Each structure stands twice: as structure tokens, then as C-alpha cells.
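Taken in order, these protein sequences are the chains called A and B.
With numbering that gives the first Met the number 0, letter number 59 in the first sequence gets 58, and the count goes up by one each step, no holes.
With numbering that gives the first Met the number 0, letter number 145 in the second sequence gets 144, and the count goes up by one each step, no holes.
None of these hints come from the bench; they were simulated from the model.
As the structure is a computational prediction, the values presented were derived from the model and not from experiment.
All clues given are correct.
Straight-line C-alpha distance at most 30 angstroms; calculated DSSO-like pairs for lysine-lysine:
#1 B:K144 <-> A:K204
#2 A:K151 <-> B:K204
#3 B:K19 <-> A:K204
#4 A:K204 <-> B:K151
#5 A:K170 <-> B:K144
#6 B:K204 <-> A:K187
#7 B:K170 <-> A:K144
#8 B:K170 <-> A:K204
Not everything, but these chain B residues come out facing chain A in the computed CB check (under 8 angstroms):
#9 L193
#10 N199
#11 K204
In this text, a Cβ means the ideal position worked out from N, Cα and C, and glycines have one as well.
2 protein chains.
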Amino acid sequence: MGKIITISREFGSGGRELGKRLADVLGYDYYDKEIIEEISKNKNLDKDYVEKCLDNQFWKSVPLSFGRTFTMIKSNTIRDNLLISVQEILLDIARSDKDCVIVGRNADIILNEYNPFKIFVYADIESKINRCIERMDEKENKTRKNIEHQIKSIDKSRMNSREILTDINWKDLSQYHIAINTTDWDLKQLANTLSNVINNWFMVK
Amino acid sequence: MGKIITISREFGSGGRELGKRLADVLGYDYYDKEIIEEISKNKNLDKDYVEKCLDNQFWKSVPLSFGRTFTMIKSNTIRDNLLISVQEILLDIARSDKDCVIVGRNADIILNEYNPFKIFVYADIESKINRCIERMDEKENKTRKNIEHQIKSIDKSRMNSREILTDINWKDLSQYHIAINTTDWDLKQLANTLSNVINNWFMVK
Numbered sequence: 000m001g002k003i004i005t006i007s008r009e010f011g012s013g014g015r016e017l018g019k020r021l022a023d024v025l026g027y028d029y030y031d032k033e034i035i036e037e038i039s040k041n042k043n044l045d046k047d048y049v050e051k052c053l054d055n056q057f058w059k060s061v062p063l064s065f066g067r068t069f070t071m072i073k074s075n076t077i078r079d080n081l082l083i084s085v086q087e088i089l090l091d092i093a094r095s096d097k098d099c100v101i102v103g104r105n106a107d108i109i110l111n112e113y114n115p116f117k118i119f120v121y122a123d124i125e126s127k128i129n130r131c132i133e134r135m136d137e138k139e140n141k142t143r144k145n146i147e148h149q150i151k152s153i154d155k156s157r158m159n160s161r162e163i164l165t166d167i168n169w170k171d172l173s174q175y176h177i178a179i180n181t182t183d184w185d186l187k188q189l190a191n192t193l194s195n196v197i198n199n200w201f202m203v204k
Numbered sequence: 000m001g002k003i004i005t006i007s008r009e010f011g012s013g014g015r016e017l018g019k020r021l022a023d024v025l026g027y028d029y030y031d032k033e034i035i036e037e038i039s040k041n042k043n044l045d046k047d048y049v050e051k052c053l054d055n056q057f058w059k060s061v062p063l064s065f066g067r068t069f070t071m072i073k074s075n076t077i078r079d080n081l082l083i084s085v086q087e088i089l090l091d092i093a094r095s096d097k098d099c100v101i102v103g104r105n106a107d108i109i110l111n112e113y114n115p116f117k118i119f120v121y122a123d124i125e126s127k128i129n130r131c132i133e134r135m136d137e138k139e140n141k142t143r144k145n146i147e148h149q150i151k152s153i154d155k156s157r158m159n160s161r162e163i164l165t166d167i168n169w170k171d172l173s174q175y176h177i178a179i180n181t182t183d184w185d186l187k188q189l190a191n192t193l194s195n196v197i198n199n200w201f202m203v204k
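Based on the provided sequences and hints, a complete structural model is requested.
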């Protein structure tokens, strides 16, 4: 069985960059936007549309059976089909037996039986706002207030999407093997040092 | 300024052992029971009595100013005096400029201005019960149910003592630099690998 690292993260905390860097350091495959791209290719749908469908807050209406029992949802809405696609793609990745890092998509829950190393990445709000500003397109004209609102709104959506799969709150530590505050870190250095912790964990596990 | 590592931990999670091992690996001083011993010596009080006074749930009656403003509490109860002693001893430790690991006593909040590396240690309930059984005196005749009740009761008391110092819940991640689930770990190996993370953090900080 391949080693799987899953990363759940607050928006703006650098979880995606950390995941990419961990994959680089460890020589693992990396999945993030790739999952959306695969779905959009398979379903012949626009990438942005797929992402929007999966990330919006209509998640709440999905039946609770999804993800827990892996039962197919008898529904023909596009979103529900997309959710099933996410699940199928994640299971395909796991079954490929390759070592990989998967960012987001509640992969830690969907792939729980594959014993992934589950990381939660978070940071102080100021640090998250600063990271968003650094990455902002020059044309974008968002205030710190706008960005803070965006961060909270996206995190709320992530929390909601989580609630469909589990009764446990998104930030409840018991679901994760480690939770790391990126506020003071250089992410390259963090990935290097964290990769040793992960290698050790897979050895004792 | 000395480097300070603080450890907050769920009862039975191995936080104390991890702290001791981290201190050994890093060559730091270690404070845990030593704080209680110092107080009992200074105040000429029995160690067990001091510990019981500090750990019981009467914490709730202590005024909110304690710990936040470092203002002395105008009170003559033994418990309040003991709380002030804890604060004084922690500040003495920090002012000594020596590198150290401090377990419990809300040292992360009381010594916040000394920029400690703040660790939260937790584990699955089964793992915590097993650890308690391993350490149980042969004469003790506790069932798993008894032990689970004890774990929950002590953690509740720790949570209450925290609420006096901060509005933030004990398990709220935002207060910590890292939270680590010890369930699958050999603590010696964890201390070794975590010491590198901590050394790196003090370097970038």
C-alpha cells in the first residue's frame, strides 16, 4: 500500500504550498488541482465550474450517507455527480499504491481505511491575510477587510463540506495526527523538518 | 533570552514523558513536579496538598485578572496564594534565561511574552487508557471505565483552569505552534524527530 499524506488547511495558511513542498522533499506524487482537472476532463466540464460547484455552500443539501458508506447517491444533480467523481478519483489514487500527498477534498475521511498521515495546517489571521496579499493579482483591488471576509467565507464552506462526512468539527484535533501553525515558518524549512517526522511516523506505524 | 518550550497535554497522552525526553534530547532544563516541590518548600506545605489545591475545580472562583495582567490578587486564601506562587516561579524560570521545557501550569499563557514554543499533546481515548493502565500501581484496582472517568475529570479541571487565564478554549489550536497526536508514536522516537522541528523553529523565529 502506498503512503498517503492528507492535508486539511485553513484558507491562506500555506497548506497547499506545504503539501507541494512535502511531495517534492519526499518524492511523493502530489494531488490538488489535479483532481478538479481530472473531473473536468472526464465530464467535459469547465474547470472553474467544477471547482465552484464543489466549493460552494450547497454542500449542505447532500445526504449524510455520502462518504461514510460509500454508497452511490441516487441523485442526478451535477454537483452530486461531481462529489461521487471526487470520491472515485481519490479511491483510484489510493489504489494505485503510489506514495502521495493530497491537499483538501476531505481525502483524510474518504481514504481513512488507507491509513493516511493526516495533517491540519493553520495560521494566525494576520499571517493568512498577508499571504493572500502576496499572491494577489496586481489587477485585484481588495482591502485587508475584503480578504479577511473571503478567508472566513471559504473556511466556513470547508467546514460545511466536512460536516457532511463526519459529525466531528473540522478543527477538532482528534481527526489529525499533527496540526501545524505556519505563522512563523519559512515553508521550505518547515517541509524539510516535517518530512522527517512523517518518515518516522510511517516507520513506527 | 532562554528558549522555552511549553507543553499542554491531555491526561494520559504522554505529554509529560514527551516533555522529559525533549528536555533530554535538547539539553534543556525540565520543570513539572519541580514547580509544586518549590512551592511546597517555600510555603512549608505538603506537596500533595499543594498539587490538590492547584488542580481542583475551585479554580473557577479565581478573579479573571489573574495571569492576564500579572496583578497580584488581593486575597488571602491559600489557593490564591499558591496560584501567585506558580506565576512567580514560572517568571523566575523565564528570567533565568536558561533553555527549558515546562509541562502544564498554563505556562504558555503566563510566559507568553517570552515567546515560548507552545505544544499541545493529545491522543485517542483508548491509547490514553492503555497508558494509564501501564503506569497503574499494582495495588490499584481500576477498571477501564474508572480510568476513562478519571481522564475526563482531570481534563475538565485543566480546561477550567485555562478559562481563568484566557477566553479561548483549551483545545483551540490558535494558541499553539504545534499539536501532536501521540497515539501511534514511540515517544522516544517522537522526541528525537520533534526536537529538530523545534530547533528549526527557534532558528527562524
